[in-house]
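Trainee: Dock chain B against chain A, hints included.
Chains A and B supply the protein sequences, listed in that same order. Quick note on numbering: our numbering labels position 308 of the first sequence as 308, and the sequence is numbered without any gaps. Quick note on numbering: our numbering labels position 9 of the second sequence as 9, and the sequence is numbered without any gaps.
None of these hints come from the bench; they were simulated from the model. Just so it is clear, CB atoms sit at the ideal spot from N, CA and C, and this is done for glycine as well. Misleading hints may appear alongside valid ones.
[To be verified] Residues from chain A that face chain B, not an exhaustive set, calculated with beta carbons under 7 Å:
| # | residue |
| --- | --- |
| 1 | C53 |
| 2 | V55 |
| 3 | L56 |
| 4 | E75 |
| 5 | K78 |
| 6 | R79 |
| 7 | Y83 |
| 8 | A87 |
| 9 | S89 |
| 10 | I106 |
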Amino acid sequence: MAVENIIDAKGLTRQFGTFTAVDHVDLNVKKGSIYGFLGPNGSGKSTFIRMLCGVLQPSSGEATVNGFDVKQDTESIKRSIGYMSQAFSLYRDLSPSENLRFFGGIYGLKGQHLDDRVKSVVELVGLQKYMDQPSGTLSGGWKQRLALAAALIHEPPLVFLDEPTAGIDPVARRSLWDLLFELSGQGKTFFVSTHYMDEAERCSDIGYIYLSKLILKGTPAELKRLPEVSPSGTRRVSVETDNPSVALKTLKALKFVRDATLVEAEVHLLVDADAPDSAIVDALKSAGLPPHEPRPIEPSLEDVFVTVTRSLNQA
Amino acid sequence: MNGFLSVILKEFMHLRRDRTTLVIALALPMLQMTIFGYAINFDVRHIQTAVADLDNSRESRQYLAELHAGQYIDYIANLSDPQAVAQMLKDGSARVGITIPKGFAKTMLQGGNPQVGVMIDGSDAQVSVRARFAFVNPPSTLPKGVPDARINVLFNPNSKTANFMIPGLIAVILQIVTVALTAFSIVREKEMGTLEQLMVTPVGRLALMLGKLVPYALLAMVELLAVMLLSNYLFGVISSGSLITLFVMSIPFVVASLALGLLISTVAQTQGQALQLTQLTLLPSILLSGYVSPRETMPGWLYMISTALPATHYMQITRGIMVRGAGFFDLLPQFFTLILIATVLVYASTARFKKSIA
Chain A
1 MAVENIIDAK
11 GLTRQFGTFT
21 AVDHVDLNVK
31 KGSIYGFLGP
41 NGSGKSTFIR
51 MLCGVLQPSS
61 GEATVNGFDV
71 KQDTESIKRS
81 IGYMSQAFSL
91 YRDLSPSENL
101 RFFGGIYGLK
111 GQHLDDRVKS
121 VVELVGLQKY
131 MDQPSGTLSG
141 GWKQRLALAA
151 ALIHEPPLVF
161 LDEPTAGIDP
171 VARRSLWDLL
181 FELSGQGKTF
191 FVSTHYMDEA
201 ERCSDIGYIY
211 LSKLILKGTP
221 AELKRLPEVS
231 PSGTRRVSVE
241 TDNPSVALKT
251 LKALKFVRDA
261 TLVEAEVHLL
271 VDADAPDSAI
281 VDALKSAGLP
291 PHEPRPIEPS
301 LEDVFVTVTR
311 SLNQA
Chain B
1 MNGFLSVILK
11 EFMHLRRDRT
21 TLVIALALPM
31 LQMTIFGYAI
41 NFDVRHIQTA
51 VADLDNSRES
61 RQYLAELHAG
71 QYIDYIANLS
81 DPQAVAQMLK
91 DGSARVGITI
101 PKGFAKTMLQ
111 GGNPQVGVMI
121 DGSDAQVSVR
131 ARFAFVNPPS
141 TLPKGVPDAR
151 INVLFNPNSK
161 TANFMIPGLI
171 AVILQIVTVA
181 LTAFSIVREK
191 EMGTLEQLMV
201 TPVGRLALML
211 GKLVPYALLA
221 MVELLAVMLL
231 SNYLFGVISS
241 GSLITLFVMS
251 IPFVVASLAL
261 GLLISTVAQT
271 QGQALQLTQL
281 TLLPSILLSG
291 YVSPRETMPG
301 WLYMISTALP
311 ATHYMQITRG
321 IMVRGAGFFD
331 LLPQFFTLIL
341 IATVLVYAST
351 ARFKKSIA
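For reference, chain A alone in the conformation it holds in the complex (with noise of 0.2 Å):
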């Protein structure tokens, strides 16, 4: 069981002074594994991975990553893994090539072997036509493929992606994430934080870290059967509408709906169990909006992180 465990961390804790920024965190994470590491900002999801990867000292608790330990095999960590993060990291002066030849000659590679390396990133994230212009000249999409190539160059089994599309167009996200479902595939383990709740709904597990501290894990579909997400005696319905805004504040006035979202052209809502659907019905049309039947759904990741927050927060 220890052994499928690629990340193991208990009660991993970090201070900055006074400032708790991680505290008591316990996280595994199984191999081949796309693990989604969510929460908001200054929430401790960076001070966690820096932890993870070796370049930051916690002050209690433990961890280990591919096996080693994080306070005294620091280097043995960093030989095992990639990172890849939010911000380019790479040369902006040095072409695509001389970046990946660099960053491979850190992790040994020489000779053939490097050549055959570099190959095979580049056409993993198919930078081909790239290779010899500065890596600053690159769109933003781009430069995270080719941040992303750096990070496999040497064959690590995990890697580490921190917020890896924030400011990247939406046709690119997808198809990062699409070369991440391929290399998973292929067995590699991806340790990812992100905002987005639609990446979070492809990730094999999540963690989500709020206030330094873990407060959900599992499987998505696990979070969203936690009985705290739907509590016993409401149920979660969805009602289309042409006119979100009037829609969204006719319902949220009712007595009877605990809370109102718009995702999309539809308003997510959470009602008492006992009120019908009908009584929906009747306050759309009195508000002059299309009387469309509401149908039953399943809460979504954001409902479960929604929830549970504001939950907390009233605690």
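Mentor: Below, chain B without anything else, positioned relative to chain A:
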């Protein structure tokens, strides 16, 4: 004048928050005034002198004692061989050499004017003028027979300023460019974010430091060549000694200066700070290294500080080779001192550079 007062007020608020700038602006001038005020002193005294007293008589000793009483001449070696005295001038450990021949006392007691051989290192005009002056007014309390000092100015006999200043200037210029080459290298990576990526790789700290150093060392050697050629072309300065020796002996100085730049780069948080720190190293290297005024004039504590500066030793090497024609073995002490300083600086910058945050 829209917003004039608001801008004034805002700048005062920045100043109050930025303690570093405030400290630099207030404390640094006082520190510099203290150190450099003592450093710049053209009133040369206590010139290092080697003696070969072949007569070794009461009269010869009295003559030497009276020269010393004039405060210009300090004896640092008493030798039996005039050749050894000349060697000390060549390797730069003495500036003046006195040889008192046998029969000095005899000639004097017979009422004659005994001859004394005096060699003066003419490379530094300030020193050689003062040294000459010490022998011009001969001691007067001797019984009779005023000694006749035969002064022989070695190296740069015309006391041409350029011959002496240019080799020193080469050392200063080489330091300025080399420190600046590396001072930005790590802090730039910090600002660009590339250091974050390097930190998560297994790159060795010493490998990173030396890897950054070697290309710039080669560049610095090319710069040295260019400066040498230009000084010949513009000022007609030619080296009396071997250029190959000069280049070989420049290597530890270049490494020490580049390592000093790396150390600055590990300390500075921004490229702006790196620039300030680089300028901070510049003034001592000009004022304390012996470039402006002879180190002999400095008080003891300042002399100690100047001994720690790479430029001090390198200046002795450039002047030794170019002005006095000194060879490799004449300058071994300076060479090894530079190697020691370079090693310490490389070690210090490697130790300061951490592959982790906080």
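Trainee: Could you run down the list of hints and mark each one as holding or not?
Mentor: Status of each hint after checking the structure:
1. C53: Holds. Min distance 5 Å.
2. V55: holds (5 Å)
3. L56: At about 5 Å, which falls below the 7 Å cut-off, the nearest Cβ of chain B leaves the hint on L56 of chain A intact, so it holds.
4. E75: holds (6 Å)
5. K78: Holds. Min distance 5 Å.
6. R79: With a closest approach of 5 Å, the R79 of chain A hint holds.
7. Y83: Given a least distance of 4 Å, the restraint on Y83 of chain A holds.
8. A87: holds (5 Å)
9. S89: holds (4 Å)
10. I106: holds (5 Å)
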